[in-house]
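Student: The primary structure of each chain is shown beneath.
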Amino acid sequence: MRIRILVDGKSFGVKQGDNLLHACLSNGLDLPYFCWHPLLGSVGSCRQCAVKSYDSEDDQEGRMVMACMESATQGCRISIDDPEAVRFRAQVIEWLMVNHPHDCAVCDEGGECHLQDMTVMTGHDHRRYRFTKSTHRNQDLGPFINHEMNRCITCYRCVRFYRDYAGGEDLNAFGAHDRMYFGRQSDGTLESPFSGNLVEVCPTGVFTDKTFKAHYTRKWDLQTSPSVCVHCSLGCNTLLGERYGEVRRVLNRYNADVNGYLLCDRGRFGYDFVNSEQRIREPHGRQAGAAAGEDLDQEAVLERCASLLKTDNSLVGIGSPRASLEANFALRELVGADHFYSGISAQEYELEGAVLKALREGPVRTPSLREVESADAVLLLGEDPTDSAPMLALALRQSVRQQPLREAMKAGIPQWHDSAVRGMIQDRKGPLFVATPVATALDDIATEALRAAPDDVARLGLAVAHVIDPQAPAVGGLAAAAQALAKRIAAALLSAERPLVVSGTACGSTVVIQAAAAVATALSVARAQTEVDPPLLFLTLSECNSLGLALLNPKPLAQLLKSGGKGVGGTAVVLENDLFRRAPAEQVDALLEGRSLVVLDHVPHATTERAHLVLPAATFAESSGTLVNNEGRAQQFHAALAPAAAIRPSWSWLRGAHAAARPLEAPPVSLEDLRNACAAATPELAEVWTPAATAEQTQTLRYAEEKVPRASFRASGRTAMHAHLNVHEPSPPADADSALAFTMEGFSSPDGQLIPSYWAPGWNSVQALNKFQSEIGGEQRGGDPGVRLIEPRAAGPSCYPDAAPAAYAARDGEWLVLALPRIFGGEELSNGSPALQERTPEARLVLHAEDGRALGLEDGDEVEVSAPGCSLRLPVTLLDDAVPGVAMLPLGIPGKGYLALPLRASIRRAPA
Amino acid sequence: MERPLTQNIDRGREPLGLKAYEAAGGYQAVRKVLTEMTPEQVTKAVKDSGLRGRGGAGFPTGLKWSFVPMGDDAPHPKYLVCNADEMEPGTFKDRVLLEGDPHLMVESMIVAGYAMGADVGYIFLRWAYRLADRRLRAAIAEATAAGYLGDNILGSGYSLTLHVHVSAGRYICGEETALLNSLEGRRATPRAKPPFPQVSGLWGKPTIVQNVETLCNVPHVINRGADWFRGLSRTEEGGTKLYGVSGRVKNPGCWELPMGTPIREIVEEHAGGMQDGLKLRGLLPGGASTDFLVEEHFDTPMDYTSIQAAGSRMGTGTMILLDDGNCPVGMALNMQNFFARESCGWCTPCRDGLPWIEKLLQAIENGDGHADDLDLLDAHARDLGPGNTFCALAPGAMEPLHSGLKFFRQDFERHIAGKGCPWS
Ligand SMILES: Cc1cc2nc3c(=O)[nH]c(=O)nc-3n(C[C@H](O)[C@H](O)[C@H](O)COP(=O)(O)O)c2cc1C
Ligand code: SF4
Ligand code: SF4
Ligand code: SF4
Ligand code: FES
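Chains as they are written, first to last, in numbering that gives the first Met the number 0: chain C, 0 to 911; chain E, 0 to 423.
Isolated chain C (complex conformation) (with noise of 0.2 Å):
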């Protein structure tokens, strides 16, 4: 309900019970803080928000009270230009300074420092305090954080964050009086997996980007755009900032349904390997039969193009799941839909369907990373969305505090009055069960949690879908223990306002995600005929544009190679995809096997070996596009920098070919027309670019014809950034493919779509966030970026599986070998990043103990894994809570190229 407070005489209209600092905010005013976060709630500990309140008109007098711990109430009176109060402001900041070390000058937070702001917005100017400062001891972090403890000012927001809003246990608050210290028991790698989110957490520059500081560049010099994190499927926002061509740092871009105030490591640091040495920067030619290549031209590589692409009137081109949907569309246009493949694997391919099927013909909702957290009894089958998709499961650590909240707010505790609620519901969680074949980081956090194979964890899910819905298939032979845990389960859901299943490919077992999605359809047909919320199921898919892919409808790339490539043409036109981590290499080598290789890619692999022709593609971080997270949002992404001379983005050297080759055609070139071809071509995909927010996005009619500049108005080096080379500043690079602009000047506050930086006057920290929401904590003005493309259907009977998969049996001398994601070094993009690459653990097999013992193996003892097509030799894992006859193999092993996962293999010592 909305209700009027009266701010300094003037009257504004807030949401009855929000505290009053988040009420002032959302207004538009501006009144410090420092230990308030909108996502962690109050604690009152900084008293830097303090205003007067007044009980009456009457009242002349007040009282000093802090906004963040008062409700507010209709009519309710404060000031926050009384004089008394404005003054005990500054004097907070000067106690906050007494130790502070004020070396601005050298830190990296500087210049994006919400105490360099707050200090500023309060006025205090004058040091009084003559006094020595005290000083501490920084710790070595781990190769993501930097620590520099003087400059804290004890606000307590990152143990918050990391203990109490993301689970971590290692970082902690030592100490005493004014001798705080936070940091952890000894020196070592944070192991949060959530712990980036201390630099934007951290009001000052005590935790900031270590990355960020091996190639540091002032903040206001960078130029910036908004982006998509690309290292998962769940398609968070980012904020890129590059400078002198390599792009410097990742930071949270707000977007309220998805990824709200926070990344993940892997997001926030695999960024890397768009700097890699390793990049291709130059078309390469190699003629066939010929070993070596060589550097091609713009003008050599489209003629070279041309000819390949010309004498073949049947060209095959095989898509990526990590390219964006325009170089998709553009692929699909010029090999025709009929010999457009998708670019995964046959496993893969199977998974995805079930997903698809899930989303496409289920009547379920697939709800968005915000709504996941309201959820308040939850399923989660399969995998450890810790690996696989990292801030699902920062986002089900808040879902399990939503049951007890709600007792809190019963007994009168405001939501926002962060310690207080967490004092009434203590370590009470709701309802999480966790069916997975090894222990997962949210056990933690889970009411039960099963150790299965996926056959059982699917007959478990199916079991819960029965228990809930008797036109579920019945699981026959269940064990009583399994069936009264199916109980419990469907019982907890049942009685849930919002329940969720959670599954996804990561689990490798399309049953299983079957199984998901029949117990969210039991509990929609359930609660069909009442008045309660529908239920909600989560699938998670594995690469960034894997749903955009398949919404292209390529053909599976296993049907192409069962042929052999039999009955298509001589060219293959592969994109930004190694196949050899698709398919056995046996099978890609016969279809290369006498065709014409055309590889689009920012970095060399076995593929791009193959090719007689590479071009070099720009990274997301150099060019425009569109990406489809798991939910079914599409998003825009948009370049940070020019791409080097010789790069171009993958849809465009794809025009550029098609072109070449067949000029009658004479496809469009711009992203825009482009975009148009493929809402044209694709009514799934119509929504995303109605010809006006195509218009929006890339052309500059919005804001009275000016562009979005990329630079902030305070970047101090522009002249000088070439002036080595020549005096004369170069004109900026143009951008025809987005609304924004690779300079300083133009339309500064856009909204919701293209932000490409926060900043709004007295506020140049990411805070300044505050400025572009229309509520803190709700939307952006403008609306949040995507649209979602997909909505449930009515429910029908095809949603059940015809029946229940039979138990899983081990078999003497044998092992169903899993995959196993991680979240540090099973990525293939993020792998190519320094600070990823130091975090990504040794690759070890994981083994139950007992199957360890028999073997008579002890923990990292080497084991040889052997199945046909299959030999691998590694370090084994010996875990007490895991399957007995399931083993499970970290994915993105580097150099281990394809495995058929799962399989079903031998295991034994390595001989010495």
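If you are wondering where the hints come from, they were derived from the structure by calculation, not from laboratory data. A portion of the hints provided could be inaccurate.
What the hints assert, rightly or not - Below, in silico cross-link-like pairs of lysine to any residue (SDA-like), each with a Cα-Cα straight-line distance of 20 Å or less:
#1 Lys358/E x His176/C
#2 Lys409/C x Ala140/E
#3 Lys132/C x His369/E
#4 Lys428/C x Asp337/C
#5 Lys358/E x Lys561/C
#6 Lys192/E x Pro413/C
#7 Lys358/E x Ala175/C
#8 Lys132/C x Asp367/E
#9 Lys192/E x Tyr128/C
#10 Lys409/C x Pro76/E
#11 Lys358/E x Met63/C
#12 Lys18/E x Ala140/E
#13 Lys192/E x Glu302/C
#14 Lys409/C x Asp72/E
#15 Lys192/E x Lys428/C
#16 Lys192/E x Val64/C
#17 Lys561/C x Val602/C
#18 Lys192/E x Met63/C
#19 Lys409/C x His369/E
#20 Lys428/C x His369/E
#21 Lys409/C x Phe195/E
#22 Lys358/E x Tyr128/C
All of these numbers come straight from a predicted model, not from anything done at the bench.
Once you've looked at the hints, dock chain E with the ligands against the given chain C.
Tutor: Frame of chain C, contents of chain E with the ligands only:
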């Protein structure tokens, strides 16, 4: 003169064991409430007595109890916590009770526990009170063996488990909500109120935190009634009070006297007056975190209302005396040194303001004071006031500073002008 709280105490011998305590009328209140009274009647009796908290704030005890959710759907377990942290400088009254009559403490916990429907009780004990720890544990063991504690006490259906928890030894652990955090194994920082502990206290459950001396009055109120209790006092506020005196008097100590005994009478008659050659300049009436009173106030009765009217607080009722042979600046420094060290580090004004104050006082004491230092001290005394800080520690710390600067300003000025302490 009746001394219900200390009637069993003789420092020359061991405290009464169970049998002797029972023989002296002990555990009668337990029997009475369990057999004759409903919890609501117990709470009402306490309310009627006018008993106020003896831990420092003087909050009406019965009123506090009435906020606890009662009845069948009240959350459980409920907790009763006895605040025996007693870290306030100059305060040593609870120790007298804890060491002197541990069974009275145990009985008080049972009676109060019954009134609020507590399932578990904790006695949160100052780290240094080793003797009290030993004696309390012995008393609890005896009481448990005799059926006064544990399941189904005396067949009444009421059950209470009682634990002694020895504090790690921080002043802030005595602040009731920091105490609860500490008891939960968290950092001892205070909690925001509301919600009050009665609603969401220890482990999120209804909890009452009560001072030792407050609780020890309860069995007597039950046995003898509210009118008797009120009659013990020399003023409107009922009961007796443990008053203490420290400083250079002839006979420092702690005495149970009628509530409202005037300051001068306590100092002159019980503490034996000032040591020869010394004159009383001022005193902190209720521990280190209360305002100075001076000559003009010495005839004030020591009760909550009168001391407040005189411009200070009754606090714990244990006075710290400043004589004319001692330096008020040194005394202020000593106290601020304590408060700065004991700040929990949670809120900015206290965490960073108190050490600054301490450094300023140290500089003044060392002869390095600046002319405008007193302005800074004044500003702090004002800015660390109630409402500006998160809990009452810092405002408490400012009480002696603020009033010290008012009453002894010439001393501070002399230190600055004369570059050092005239006493040293
Ligand atoms: C810094 C600080 C220290 C305190 N220490 C004690 C203490 O040691 N013992 C005590 O009973 N109350 C102490 N209190 C008061 C308690 O917070 C609380 O008011 C008291 O225990 C309530 O009991 P009562 O109502 O019986 O007085 C302290 C308060 C503050 C702010
Ligand atoms: S390290 Fe940063 S976030 Fe943590 S308390 Fe210090 S200033 Fe606050
Ligand atoms: S969760 Fe996925 S999309 Fe989000 S930041 Fe991490 S890797 Fe990127
Ligand atoms: S006033 Fe603040 S810093 Fe001081 S003890 Fe209380 S909460 Fe801690
Ligand atoms: S923001 Fe309100 S007290 Fe810190």
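Student: Verify the proposed pairing of Lys428/C with His369/E, using a straight-line Cα cut of 20 Å.
Tutor: violated (56 Å)
Student: Verify the proposed pairing of Lys132/C with His369/E, using a straight-line Cα cut of 20 Å.
Tutor: holds (19 Å)
Student: Regarding the pair Lys561/C and Val602/C, is the alpha-carbon distance no greater than 20 Å?
Tutor: violated (27 Å)
Student: Check whether the Cα positions of Lys132/C and Asp367/E lie no farther apart than 20 Å.
Tutor: holds (18 Å)
Student: Hey, Lys409/C versus Asp72/E, does the alpha-carbon distance stay inside 20 Å?
Tutor: holds (14 Å)
Student: Measure nothing beyond the straight line between the CA atoms of Lys358/E and His176/C; if it is 20 Å or shorter, mark the hint as holding.
Tutor: The hint holds at about 14 Å.
Student: Sort out whether Ala140/E lies within 20 Å of Lys18/E, counting only the CA atoms.
Tutor: Holds, because 13 Å separates the two Cα atoms, which is no more than 20 Å.
Student: Between Lys409/C and His369/E, is the straight-line Cα distance small enough, at 20 Å or below?
Tutor: Given pair Lys409/C, His369/E is violated - Cα atoms ~55 Å apart, limit 20 Å.
Student: Holds or violated: are the alpha carbons of Lys409/C and Ala140/E at most 20 Å from each other?
Tutor: violated (40 Å)
Student: Between Lys428/C and Asp337/C, does the CA-CA distance stay at or below 20 Å?
Tutor: Not satisfied, since the Cα-Cα distance of roughly 51 Å exceeds 20 Å.
Student: Going straight from one Cα to the other, do Lys409/C and Pro76/E come out at no more than 20 Å?
Tutor: holds (19 Å)
Student: For the pair supplied as a hint, Lys192/E and Val64/C, is the alpha-carbon distance within the 20 Å limit?
Tutor: Measuring from Cα to Cα gives roughly 13 Å; hence the hint holds.
Hint check: violations occur at hints 2, 4, 5, 9, 11, 13, 15, 17, 19 and 20; the rest are consistent with the structure.
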